[in-house]
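Chemist: Residue numbers (the numbering used here), protein chains in the order written: chain A, 23 to 365; chain B, 30 to 282; chain C, 588 to 933.
No wet-lab data here; the hints were simulated from the structure. Backbone N, C-alpha and C define an ideal beta-carbon position, used for all residues, glycine too. Every clue listed holds true.
Heads up, incomplete: computed chain B residues facing chain C, CB under 7 Å, no partners named:
{"#": "1", "residue": "A74"}
{"#": "2", "residue": "R97"}
{"#": "3", "residue": "L105"}
{"#": "4", "residue": "T112"}
{"#": "5", "residue": "E114"}
{"#": "6", "residue": "A115"}
{"#": "7", "residue": "T127"}
Far from chain C by the CB rule (all over 12 Å, computed), these chain B residues:
{"#": "8", "residue": "R35"}
{"#": "9", "residue": "A81"}
{"#": "10", "residue": "E83"}
{"#": "11", "residue": "P90"}
{"#": "12", "residue": "H193"}
{"#": "13", "residue": "Q199"}
{"#": "14", "residue": "A201"}
{"#": "15", "residue": "N221"}
{"#": "16", "residue": "A223"}
{"#": "17", "residue": "T248"}
{"#": "18", "residue": "D250"}
{"#": "19", "residue": "F256"}
{"#": "20", "residue": "R259"}
{"#": "21", "residue": "M263"}
{"#": "22", "residue": "D265"}
{"#": "23", "residue": "D268"}
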Amino acid sequence: MPILPLIPRRSLRAALIAAPLLAAGPALAQTAYPLHLSNCGAELTFEAAPASVVSVGQAATEILYALDLGDRVLGTAVWFSSVLPQFEAVNAGVPRLADNDPSFESVVSLRPGLVAVQYEWHIGPQGIVATREQFADLGIPTYVLPSDCIGKDNSIGSDGTRLDLYSMDNLYRGIEELAQIFDVPARGTALVEALRTREAAAIATAEALALDDASAVFWFSSAEMDIDPYVAGQGGAPAYMMQALGLRNVVDSNEEWPVVAWESIARANPSVIVLARMDRRRFEADDIERKLEFLRTDPVVSQMDAVREGRIVILDAHGMDPSIRNIDALETLSAALAGFDLQ
Amino acid sequence: MRIEARNLGWREIVRGVSVEIRPGETFGLVGPNGSGKSTLLKLLAGLMPRAAGEVWLDGAPLSQLSRRQIAQRLALVEQFADTGEALSVRDAVDLGRTPWLSPLSPFGPADTQIVDRALAAVGMEEMAARAWATLSGGERQRVHIARALAQEPRVLILDEPTNHLDIHHQLALLGLVAALPVTVVMALHDLNQAMMCDRLGVMSEGRMVACGKPAEVLTPDNLARIFRVRAQPMIDPSDGSTLFRFLPMETSA
Amino acid sequence: MTRRAALSALAVPVLSRAGLGAVLLALAVLAGVTIGEVALPLGLVGDLLAVKLLGIERALDPIDAGILWSYRLPRTLVAAACGAGLALSGVVLQALVRNALADPYLLGVSAGAGAGAVAVTLLGLGGGAIGLSAGAFGGAASAFLIVALLAKAAGGGPAQLVLAGIAGSQLFNALTSFFIAKSANAEQARGLMFWLLGNLSGVRWPDVSLALPVVGLGFLVCLAHVRPLDAFSFGSGAAASLGIAVRRVQLVLIAAVTLMTATLVSLVGSIGFVGLVIPHAMRFLVGPRHARLIPASALAGAVFLIAADIASRVLIAGQVVPIGVVTALVGAPGFALILIRNRRRP
Numbered sequence: 023m024p025i026l027p028l029i030p031r032r033s034l035r036a037a038l039i040a041a042p043l044l045a046a047g048p049a050l051a052q053t054a055y056p057l058h059l060s061n062c063g064a065e066l067t068f069e070a071a072p073a074s075v076v077s078v079g080q081a082a083t084e085i086l087y088a089l090d091l092g093d094r095v096l097g098t099a100v101w102f103s104s105v106l107p108q109f110e111a112v113n114a115g116v117p118r119l120a121d122n123d124p125s126f127e128s129v130v131s132l133r134p135g136l137v138a139v140q141y142e143w144h145i146g147p148q149g150i151v152a153t154r155e156q157f158a159d160l161g162i163p164t165y166v167l168p169s170d171c172i173g174k175d176n177s178i179g180s181d182g183t184r185l186d187l188y189s190m191d192n193l194y195r196g197i198e199e200l201a202q203i204f205d206v207p208a209r210g211t212a213l214v215e216a217l218r219t220r221e222a223a224a225i226a227t228a229e230a231l232a233l234d235d236a237s238a239v240f241w242f243s244s245a246e247m248d249i250d251p252y253v254a255g256q257g258g259a260p261a262y263m264m265q266a267l268g269l270r271n272v273v274d275s276n277e278e279w280p281v282v283a284w285e286s287i288a289r290a291n292p293s294v295i296v297l298a299r300m301d302r303r304r305f306e307a308d309d310i311e312r313k314l315e316f317l318r319t320d321p322v323v324s325q326m327d328a329v330r331e332g333r334i335v336i337l338d339a340h341g342m343d344p345s346i347r348n349i350d351a352l353e354t355l356s357a358a359l360a361g362f363d364l365q
Numbered sequence: 030m031r032i033e034a035r036n037l038g039w040r041e042i043v044r045g046v047s048v049e050i051r052p053g054e055t056f057g058l059v060g061p062n063g064s065g066k067s068t069l070l071k072l073l074a075g076l077m078p079r080a081a082g083e084v085w086l087d088g089a090p091l092s093q094l095s096r097r098q099i100a101q102r103l104a105l106v107e108q109f110a111d112t113g114e115a116l117s118v119r120d121a122v123d124l125g126r127t128p129w130l131s132p133l134s135p136f137g138p139a140d141t142q143i144v145d146r147a148l149a150a151v152g153m154e155e156m157a158a159r160a161w162a163t164l165s166g167g168e169r170q171r172v173h174i175a176r177a178l179a180q181e182p183r184v185l186i187l188d189e190p191t192n193h194l195d196i197h198h199q200l201a202l203l204g205l206v207a208a209l210p211v212t213v214v215m216a217l218h219d220l221n222q223a224m225m226c227d228r229l230g231v232m233s234e235g236r237m238v239a240c241g242k243p244a245e246v247l248t249p250d251n252l253a254r255i256f257r258v259r260a261q262p263m264i265d266p267s268d269g270s271t272l273f274r275f276l277p278m279e280t281s282a
Numbered sequence: 588m589t590r591r592a593a594l595s596a597l598a599v600p601v602l603s604r605a606g607l608g609a610v611l612l613a614l615a616v617l618a619g620v621t622i623g624e625v626a627l628p629l630g631l632v633g634d635l636l637a638v639k640l641l642g643i644e645r646a647l648d649p650i651d652a653g654i655l656w657s658y659r660l661p662r663t664l665v666a667a668a669c670g671a672g673l674a675l676s677g678v679v680l681q682a683l684v685r686n687a688l689a690d691p692y693l694l695g696v697s698a699g700a701g702a703g704a705v706a707v708t709l710l711g712l713g714g715g716a717i718g719l720s721a722g723a724f725g726g727a728a729s730a731f732l733i734v735a736l737l738a739k740a741a742g743g744g745p746a747q748l749v750l751a752g753i754a755g756s757q758l759f760n761a762l763t764s765f766f767i768a769k770s771a772n773a774e775q776a777r778g779l780m781f782w783l784l785g786n787l788s789g790v791r792w793p794d795v796s797l798a799l800p801v802v803g804l805g806f807l808v809c810l811a812h813v814r815p816l817d818a819f820s821f822g823s824g825a826a827a828s829l830g831i832a833v834r835r836v837q838l839v840l841i842a843a844v845t846l847m848t849a850t851l852v853s854l855v856g857s858i859g860f861v862g863l864v865i866p867h868a869m870r871f872l873v874g875p876r877h878a879r880l881i882p883a884s885a886l887a888g889a890v891f892l893i894a895a896d897i898a899s900r901v902l903i904a905g906q907v908v909p910i911g912v913v914t915a916l917v918g919a920p921g922f923a924l925i926l927i928r929n930r931r932r933p
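Start from the sequences and build out the full structure, keeping to the hints where you can.
Modeler: Rendered as structure tokens:
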């Protein structure tokens, strides 16, 4: 496991905020090139901002759009849901290489200056599209969102195993580094600031409830309707959300999305059940209506307190994976908690 | 029981064979390898698919009988029948009662007696509990025959039954078979043993080229032509029966 | 041989043997229902039976009672049905194709079921209206049809059936791999892998009402054919000369086996080794005569799979091991023993 040097976030932020104050005139803060970055075990050097980028992974794409870099995106791939409404216009003008995994050649043929990656299992040591070395051999640098590799071992468990609890800081770092790479550090800072503020507000709302031993389970989907479900383990973005809001995760596993029997979940009797809503229709349980129907009609699950009292929260599925949507999810969950009678 | 073949054929291996075998007679079938003996026997038992011609049992065509009915009248002992199962000798012979059993008449004491008699007839009653896998080739052959006997057939069809047997058991078997009141159709390799049959049929290249008493059919001419062997007939002074001494064909001098 | 002679010398009458079997099965079901990720007390079982069967009022924790009645009991019953059905299929196929290595999956049914399930899930065949199970059944039926046609075209004997089954299995397994490689992301692939290795976790009462009658029917069909099955010991030619309507018997038995296997695989995925190892173990204990082998194998298969299901749930704390893995862990050494034992014969 490579040891990742941590960029001292505070000092960077301080520097970025201070920079415009120190500079003479209204000039925006700029990146100092050549820029050296350690990114998920690879050393990256940028002589200048890349002219173009291909984004493999909706989370990475939406970060680029949020940083107003849509005009530099040559193509996108790996979509889990419709793009956030505020980016619809921009996205319409960007070619989509694939809804799922793109081929290596389709990415390379666009000759991008950078490939931004959401998941290592797309582009990484066992990447199904390619390894990072394959791109490097052709002179194309790849940037993997730190949220997929910091404190996570992608060689264990199907979706990887979290070694440390996921932290929004990892996402913020990804935002800031991408902003740096593209020579728009101020936008990165601003975005992170905005997200942090919302994060803090959501946490404060939950803290005000003074919850005492409230628990939760996040149900993503199931291979068949009645079969053991995929639920959020300790360590991923949902686990972070639960911890931030004072909820205990009834699932023990370190895997990102382990399979746990309904039997065990029912006995643990969580206070709140969080369901994932998604556009995909591969498994019966993908459909939020089917999930709700299952909760209502299954003889054991329907007996859970959370189901009987209606303490069910529906979140966008993509908000359960590391992305800027985590903040939307956090806010929704926090607001919902306030609405429940949880004591 | 009379068994009659009418123009039996199967592909090119048996062609247009017609023969009538009388009730109670011991009919031998001889011929060189590949002449179609085994196939003809299976045709008589009604076991070859898409056969040409017909077989009649006591004036009724085989095609009108069910397999079960056929099995109650006719038993076939094939040349190579083996099993991988851990059967005992008695288990194997018990199978012979299959065509007579039904849910309403399961295996009972009468059946056990029949099986005992069959075992005794082939001299295997001491070895009834032995495992199949421990038997020699000859012993297995005798068990197969016992199974056929347990079927209590009226026609017994045997494909080279003496093949793996030692001389003692060969003679014992032939004696047993000859003494049975049933009709016997038997393919034989040993032409001298064939002399003891009531009648013989000689097969050559799928056709029955001769049929009649052994002395009439196994003439030195026929033997030279069909079996390509020189036969020297000799008379046994003790009972006047004919045996053959076989010599290779003379090459033209 | 002497062991078997000794057992039959004990001459335990048939009825009391059946009674013994029933008791053993009941104990296995009891174990399956109370042992699991969380152990449920036996008292709960008694209370639940009192409520359900006798209508007596008892205060039961709804979740515990629900787990016992709606999850564990159907699961255990289907495990029993599955084990019995697979073992029966193994016995029948080994007799028909005269090969000790015959297994219900030989006919390509399991591979077809896998391909069908994958097609429905990954390619979205049926647009989400058809579940995994229906896709699996369709796949199983199609695969067997293809195998049967291929066997017929190749001449139609047992050896041809085995070879056609191998060809069919390879084809459908390749299709499955292709579908997965083409369209699955890690999570979908994992869901399918879990199912392909056997998964009893989604079993509920409707599945019981499918599995039990199908296996029950199959059992009756096999019982009705114990003598023909014995007659096949020396081959289909010998069976015919013993008065067995060979083609009809083969057709009926293979149809029964296919129906049982396709149904079971579509319900719980692919569980291997049961049909291979249980018949052999039972032959060792009760002998090769099918009148004893059929009921013994059904019982042993049922108990074995219940035990395997329990093991799959308690082997690793907090995690469920796919049941196909458990049966393989037991079955593979068992299979090795079979091979060694068979080799000692001359």
